[in-house]
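J.: Spelled out from the first residue to the last, the chains are:
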Amino acid sequence: MSTTPLTERIRADRTPMTLEEYRAAGGYDGLHQALAMAPTDITALLKDANLRGRGGAGFPTGLKWSFVPMDDNTGLKYIICNADEMEPGTFKDRLLLEGDPHQMIEAMIVSGYAIQANVGYIFLRGEYKLAAQRLRTAMAEAREAGLLGRNVQGSGFDFELYLHTSAGRYICGEETALLSSLQGERAVPRAKPPFPQQVGLFGRPSVVNNVETLCNVPHIVREGVDWFRNLSHSEDGGTKLYGASGRVNNPGVYELPIGTPLREVLEEHAGGMKDGYQFKAVLPGGASTPMLTRDHLDLALDFDSVGKAGSRLGTGTLVVIDDRTSIVGLLRNLEHFFAQESCGWCTPCRDGLSWVEKILAQMQAGAGQPGDIEVLEQHVRDLGPGKAFCAHAPGAVGPLDTALRYFRDEFEQAIAAHATAGGQ
Amino acid sequence: MAIIYVDGRPIEADENTNLLQACLQAGLDLPYFCWHPALGSVGSCRQCAVTQYQDENDDQGQLVMACMTPAAEGTRITLADESSSDFRASIIEWMMTNHPHDCPVCEEGGECHLQDMTVMTGHNYRRYRFNKRTFRNQDLGPFIGHEMNRCITCYRCVRFYNDYAGGTDLAALGQRNQVYFGRHEDGPLENEFSGNLAEVCPTGVFTDKPLGERYTRKWDLRSAPSVCTHCSLGCNTSPGERYGVLKRVQNRYNGDVNGYFLCDRGRFGYDFVNSDERIRRPRMRGPDGRTDMDAGELLERMAQMAEGTSLIGIGSPRASVETNFALQQLVGEANFSTGLSAAEQRRVELAREILAEGPVATPPMRETENADAVLVLGEDVTATAPRLALSLRQSVRNAGFERAAELQVPSWRDATVRELERHHRSPLFQVVPWATRLDDTARYNLYRRPEAIARLGHAVAHAIDPDAPEPVGLSASEADHAADIAETLKQAQRPLVVSGTGAHSEAVLHAAANVARALHRCHAQPEQVGITLTLPEANSLGQALLGGEDLDTALERAAAGGHTLVVAENDLARRADGDRVRQAFRASRQVIVLDHLENETTDQASAVLPAGTFAEADGTLVNNEGRAQRFFQVFEPDPVIQESWRWLVALAWSLDAETEMLWWSQLDQVIETCSRSCPELGGIVDAAPRADHRVQGLRAAREPARYSGRTAMDAAVSVHEPGPPRDEDTPMTFTMEGYGGPGHTDPNLIATTWSPGWNSEQSVNKFQAEINGAMAGGNQGRRLIEPAGASDWYPAVPEEDGEGWRALPYHAFFGSEELSAASGPIRERVAEAWLGVAPEVLEERGLDEGTEFELRLDDVSVRLPVRALEGLAMDCVAVPVGLTDLPDHRLPADCELIGPEAN
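Chains F and V are the protein sequences, given in the same order. Note that our numbering numbers the first sequence so that position 299 is 299, with each residue one more than the last. Counting from 1 along the second sequence, just add 1000 to a position and that's the residue number in our numbering.
Note that these hints are calculated values from the structure, not bench results. Values in this document were obtained by computation on a predicted structure and should not be read as measured data. Cβ coordinates follow ideal geometry from the N, Cα and C atoms, glycine included. Be aware that one or more of the hints could be misleading.
Listed below are several chain F residues computed to face chain V (Cβ distance under 8 Å; list not exhaustive) [said to hold, decoys possible]:
#	residue
1	S66
2	F67
3	F195
4	V199
5	F202
6	R247
7	T347
8	G352
9	D382
10	K387
11	Y406
The shape of chain V in the complex, shown without the other chains (with noise of 0.2 Å):
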């Protein structure tokens, strides 16, 4: 730490740290734009100008930017002197001189850094007497609205979407006042960060598209702190609603999860909760088909028809852990399924085990940024973790921050460590299926079908360990290829494996745990050592942990007979044969479904009860880290959705089934049981507040101050002001009343971050403990597993390489997770159904992308056109999940693929 002298009072600074991240850091305003606090500094909008001083009998003092000076030992500058505020201010003038009047109709306005820092600079005449330059305006597709005359020049778009994210047809065009920020033509923005651009533009150039269209202002949602449910990394989220529409998701900041970016999926994804195809009534099919029905009396009918049967439940690793674990309760824990079929729990399991027992702890997904050798196995990262990606993406740039040290260079000089990036990269190997979206980030790409992936894996432990079991049948190039890997791992400093479920394959995974096992074993620093696995679903993990049978074993049950079967949160369809699903569910009494959406499963269901989304109910969620993180209810809704564990709690009651949970009013109940219950989840009481919390004596407001129309916005329906709702779940009103105010709540409870001055985003440097570290009052979410170190090698035994055709699993960044593919915005990248082949079977048959293949996998036969997938196996052909009327739980699996002949 150094000290440094602003306006003659001392202050601390981190002296790795430049002048603007120094102030900023201490509570000071400072104006800024193009420093960003991921993307560091290249001092090119002059806005955080200060004046500095040789020493204290210096008194001209000379202009540096507080961004582009490292705050080293001794500095002194002051921020109030007059030709810093006013340098200052003309940087804002001549901003304005093209920048329209449009604030209150601009969807950035009231959330606008450009306006927090005008104000702050106290810039509001306009001199500049001529005419605004115009631009025409692109569209960038679903997700980010584009309007440039709004463009300050701040080169934040492109230096997050190109040099952060890898992004490539976004571009800085032309020159004079006259850059353009755009694409070479319209389209939608190809980078699967691009929502991000919403935050990063400190104005209304690129803005959130979905919110546009139904719009509402910042301090008229109401917001809850949430996580995202569409993939297993927990990303910490912050939806925000009006009127009933969940009206956009923004980043919510966790310094140990995923900093200051989401992916596209992750922040558009939400719109599922608006859908047509949402279940907003109970309902019964009878004789005369669905009715809908009064849930008291559809229970009762429900208690009725169960008489005499014995109950199975089937929960969901897309429904929280209390939602299951409230299941487990009702239904008993033998009688409990997870969910999952057979061959995705083994894989779930087996991952638990290599993170609870194996010796090799999993970092939290920041740290991912900071290995310094990474080895990804089998997984398409991008496709199943996309945010995991990017942090990937940004390990490679160590060696250049350790060049960049050498040469003097402070880390956060952004342009010039890119510079020595072009021969310092720190080695990230892939050994995936096929070419992904990290492939420009790697040393080397080598594409293998999963039984080579695995061999390969096994393959680089054994040459780290000779204690590692050795695969057989390697060939010459490829040990060297091992050797190559396990060398550049061995002589890392933080090596890191990753992996997953993503191919399907337990073989995958025994080699990635052999490899992190192997390299702990031989390395100085063995908890230098990570390994991260990417699992299927948003509670996977809490799955894994809370335990149950499997799907299929729960299916055989009921197709017994004489079952009520409870089925929460889960469309069987997609993880078993239809058949089998049908047979259990007409072999079972009454089958009754908790679920959003409608599908295959609430179709076929007896009853139905409508069940509140992440927006509309509290849980938990157990990560790929093992991360318990709270997700809080955004808003209420139509009384008649509720919670599933409420259902369930509701459907006890009405059974008289003779349970602790019938006392359940309360989510801390619930928790509390499940942590008394199941040891291994014990920790989720800790990964949020009770609801007795309270913050200076109140509970904390999911409404901001300023919210507006309360006493109106229902007043064409009844004039009588309703009374607010009441939250019994957690320590948030669902209004305006509560703390509202900065920096002192739990990170828990903190929806937005909002601080006199700053009403954008960009507020967040208020409310963390260190900038780009913690949030103040440490992190969100409290972790589950440590490694205990108890198991031991896993055998090198991969499947042999079958002869014929290969179904593999594929898996679409849009379309093949579930709820997100019913979200508006993602519906519009959804591709139709298709079916990947190596380009060299188009080649050879002198065949185009596009010509149908028909695929045939057992009893199931689909027609599609085709793709060519780079770096596929020539036998292999690629399935993407979710899109095809193909049974995807059953892949990877022998199939036959008939297409046209060599024309």
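Excised from the complex, chain F in its bound form (with noise of 0.2 Å):
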């Protein structure tokens, strides 16, 4: 049985398989197992697999999927892909809609199957054209193949299966925002409880899982739960899609088991640090993420390992900061992103990272002022979880968070250079 059962039928040209090709490799097998099923049978199945939610956050999927009231018969529930993939550093479902466009359309049956849904949504990136393109042609297949539709492969369920291509919006991969954006609102988180399994999309029970937790689905069904256990190295099931982007020799995606040691994913699948360049830290998992440093290297990346080192697992795509790029910049470019994709819901959020970036941007310029340090300070604190609206300014402050605790000095510098030079 393949330890790679993500990417494992991804070509090495990157294109898609046809329909009879994806059979051909045992696609869709998933799906027929899934349809002989009871619904509930498959949300027990991924609890004992202990899957868990790869967009970021690591929720256990069978749990969220509990939630979905499965006696309620007044009206649509909906399965909800997020593709949104606009996490700076990322790129992991990308590989996976491009590369294997029919395994994402099991997934979605297959899911909708186990929470009765019968409306599916690919919520997609927008600048990813070349998904979408092949989604399309994948859905059509399965269309006129009967595995979309009505009475799918003759199990009397129906299913809808749509691709959405967002306008473009950071925040539209926060579940709910997102939720608010297919609805033809402003993409504005909201506020929980009630979760989207309960009051979702059009106010109708809906689950929204990342595209890669999605496509672990059909092989949880087909393979079973103790060999996708056994493919990890942790206690989350399953095996991740690492990424690495920044000054590395071999920059890209890798399937490998969850829970694989940060210095493995570095030296021997990123190829280590280009000639010439130090390694200095890294957000592990998106920018969103607090950095880890030298100090972390032997770190098993999982969800609870990872947490523990103050960081989060993220999307596990790493960016890895090198030691000739300055921090200040480096945050002042992040910071930058986050002011930017701010929704404007949250006072927080929309009028404090505006302020954490423009005090990063003088200090870039070697402007900063005293008490800069502290007003960045305060920032970190007062846009904590729980303080903003949702987690798009805690995310935008871990990275400052950890940078400044960790590279303080370097703050101090963009502060004394202005000085220095005759500046207040």
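Take the two lone chains and join them into the complex the hints point to.
T.: Set out below in structure tokens:
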């Protein structure tokens, strides 16, 4: 049995399989097995497999699905794939969508069946044009073959799948903002509870999961819980698509057992640092995850271990920071992004991030002022979880928090430089 | 009730509310922006953060937003700890990063919620050293100013305008700290409730534009508790004056009537008081034309002219009970006319009969928001009773609240409840003559001619209760509609029937009364059934209670010759054919008219007396609910302008009339006599405190304690400070002397709310017994009518559908109401005269809107551009009341419509 179930069917040149090829490679077997099962048994399977959400939060998928009311027949339910991969430094879902679109479709049908959702949406990042094109082609094939539409494969289960290409806002990756956006409204997050499983898309029970999470589902159905848990190096089940960007020799995406140590990913798969560059720090799971440093190189990259080290596994795509990169400049770049992508709904995020960005810009230009570090620290405090409305602001200040702790000297220099030059 | 602990102190809280509301209810000061008592919680501004503890052993606590946290039994919070206090100050600091330092020149300054909350949090030092973002402002029309740089992005404007009021042309645009609240392009805000933005906006982004153009600070305005005169609902208002100019009207909270909101006609219609068309001097028409004259001399001449004549008095549904009663006293009951055309009088009297003698009570307007099924029969509510439309819009939310309760989502969690409303909306049906602004709330709208509306209404009544008369000639599809509506209303717990006089149809009123009666008979809790009827004018129901002959009869008598005609605040040309009025006037020895504005009637009068408007007089109005409410004089005009009832007393003196009214010198005497001699109006004495009422030994002050410049404002005229004007009629002073404190005064005497640390209208929470509930001391006004239950079914004999064209009255939101149409800002929104036809009429002929058609109504004809009116029957023409030269009082009427034939 495969140890890289998610990527094994992806060809070297990334051209996707046709439906026929996909079936020949064992595709849609998971669907056939699923349609023979009781829907709630699939959810139970996911719980046992300990599949955790690959979008960044690591919430147990089976548990999430178990909150969907299964006796509610008063209207539609929805399964929604979050394919709005906009986290800076993250490109893992793109590989799955472009390389194996039928896997995505199969995952949507199985997942829809499990929660008895008759409608599915793939909410795709607008810039993923190639993925959109390939998904459309595959969806047409699937529809033609009776895999989508009324009475899927004679099972009595109806499933409509729609592709929605986003107009392009980072906040659309937040599951409730995604729902608002999908409804044609401003992409503003919603307060929880109630969770989308109760009151989701158009006010109806809905499940939103990440591409990679969902793609695991048909494999678990087909190969079973034990296989899935054995793929892993940790308590979390399955593999993980890790990635690396920055000045490494072999940037890319690698499917590895979840819990693979950071050093292994960095040195064996990413090929280590390029000549002339030293490792300085890493954002382990995209731009919104707090920094890890040299001291953390032997950390196992699973949700709990990274959490204990003060960061988050996030999307598992490493943003590698080298010794020639200015931490202040890096942070200015990141906070510019987060300030710009604030939806503007809550005050701390909307007005706080903008202030942070402006201070960092002046620091980068050598015009920091005494007291700026304290203002930044206050923002780290006041933009934390529960203070801002959603996770955007806490995510935005995570890297800043660690940067101020691990590389405070660089911030101090940015102020001292200005003071020396006679600034105020 | 739950007990929650705030800084260790136990506080009683309604467990169905949130911590913010509970704290405010308890009189605590906790700052907030995005929350609004009528709009609920969304958790966007993060201003009301408090620290919540798990239990008494928890000394860490966690920051929570008070507005998003239920006031559950045993909840422990602190407002005083450093961490939540600092966070709240941070929120203000963030908002201030982009807020201009323009308080001294900002219209909101001095009554700004943002100022108040800033002071409350203690933030006062600016650390942010970067440039502020700037926006381009928009021209949003004559009502609302726009200054986006001041925006703190609380989202209240769009939540009110779109979510609450159903507007579609205001949006949040953009992202990050550049969110822009505006229209897609410059242009007047289209929603009928746009003026509320000036109060809903916590700072100076959306402001009262007419006020801004002749600006006065809140503390320099003299205000009085008042009642809107621009429709029959009696919304409570707070008009403010300075330098003899009425500067604005603000909402005055009445938990039973208008709550927090007014319509734009009510808010901006006041400016007729300042009009150039005002009658400001007594005058006489002599052989040499009009002559302004001293009042004493004029009264003497009128007395001479009156010798040997008998009096006929014509009152008015837009004049107060006191004015009408004084006129009735002057001329004698037998010679008093209500001033309503015969047809209108029949309709208003019928409405009175339905409310007073039928079995079904009419709910206060706020209670209509609780209805869980509504049938609107024949009435374009937004046009004739706008604020009621806003309440009905809320009624359809009840199913969403119920669904939320099932999911354990509190009703105040606004964003979530609104999601649920997509699939859970309480039914509202409209059977109306054309598409209305409430259509989007309805389960479905049926557009019918008035006769068909009545017939369908009767069918609904019959379907509910087979004892109700059955209409004849009902088609199968109409019967299906009737059955569906009937079934839904029957299943409702709190069904409501809404109708009114707008269609000028007694048959429609009959049908509405029968539906209500049928529901009442079938309902397990009959007292939960309601009927709401809208009426033509502010005191229409008061006139019905006072009684008197109709205008047509009075004019007929006058035409016999030899009378002295006294007309109080009534332009007869709007209610009777011009020829008949002229004939009656010519036949009369003299015509004495008391009014505010020049009109056709004053133009023909032999003597005209300048009558005080609602802002220059006190009086009582009876709204469509039968609630008597007192409006108080705001300011002392030029002394020659007097209350109509005072002119009538003066007239009684000069005529040597033998009447008790000779001894009236105070309003209370008029009220008491009226209450004694007209039992149906007996309750008006309780509508507000008497003139000898005192608050802590003091009269209530009309001017705030900080009123400035009173010794200087007239210094250019005289260096002697005039004595303060005396008010014999009310327990109020015209000056700042007197009681101005919060909380303890009679709610009928509270003009504006103001409390330490709370300078904006948000301070109303300090004056309510319960937030969103009644005012401390009870709600304003006194209900005069409760159903006696004696009347029977009305017969189901709607008129036959006639053949040929039929002209129907169309009430334009702006322009059809007489007084507001003379208000400057409203005038900018009044359309040129037009005629409405079905879109199909234009399509069939290949014509565009704006094509001129000729409408002939008996002897009168007009040529006007047409508009397509969706839903209007193909053989009907809609005539906007008050906008054309057609005799509106004759509508509905058979007519001829002549237009270009097909191209």
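J.: Now tell me if each hint is right for this structure.
T.: Hints and how they fare:
The interface hint given for S66/F is violated, since its Cβ lies 17 Å from the closest Cβ of chain V, which is over the 8 Å cut-off. Checking F67/F against chain V: minimum C-beta separation of about 12 Å lies over 8 Å; hint violated. Taken as an interface hint, F195/F does not check out: its beta carbon lies about 11 Å from the nearest beta carbon of chain V, beyond 8 Å. Contact between V199/F and chain V, as hinted, is supported at the beta carbon level, the nearest pair being about 6 Å apart and thus within 8 Å.
Interface restraint check for F202/F: the shortest CB-CB distance to chain V comes to about 6 Å, inside 8 Å, so the restraint holds. Among the interface hints, the one on R247/F is violated; its C-beta lies about 30 Å from the nearest C-beta in chain V, farther than the 8 Å criterion. Below 8 Å, beta-carbon pairs count as interface contacts, and T347/F has one with chain V at about 5 Å; its hint therefore holds. For G352/F, the shortest C-beta to C-beta distance to chain V is roughly 6 Å, which falls under 8 Å, so the interface hint holds.
The interface hint given for D382/F holds, since its Cβ lies 5 Å from the closest Cβ of chain V, which is under the 8 Å cut-off. With its C-beta approaching chain V no nearer than about 6 Å, K387/F sits inside the 8 Å limit, and its interface hint holds. Hint status for Y406/F: violated, given a least beta-carbon distance of 25 Å to chain V, over 8 Å.
Violation of the numbered hints given earlier is confined to hints 1, 2, 3, 6 and 11; the remaining hints are satisfied by the structure.
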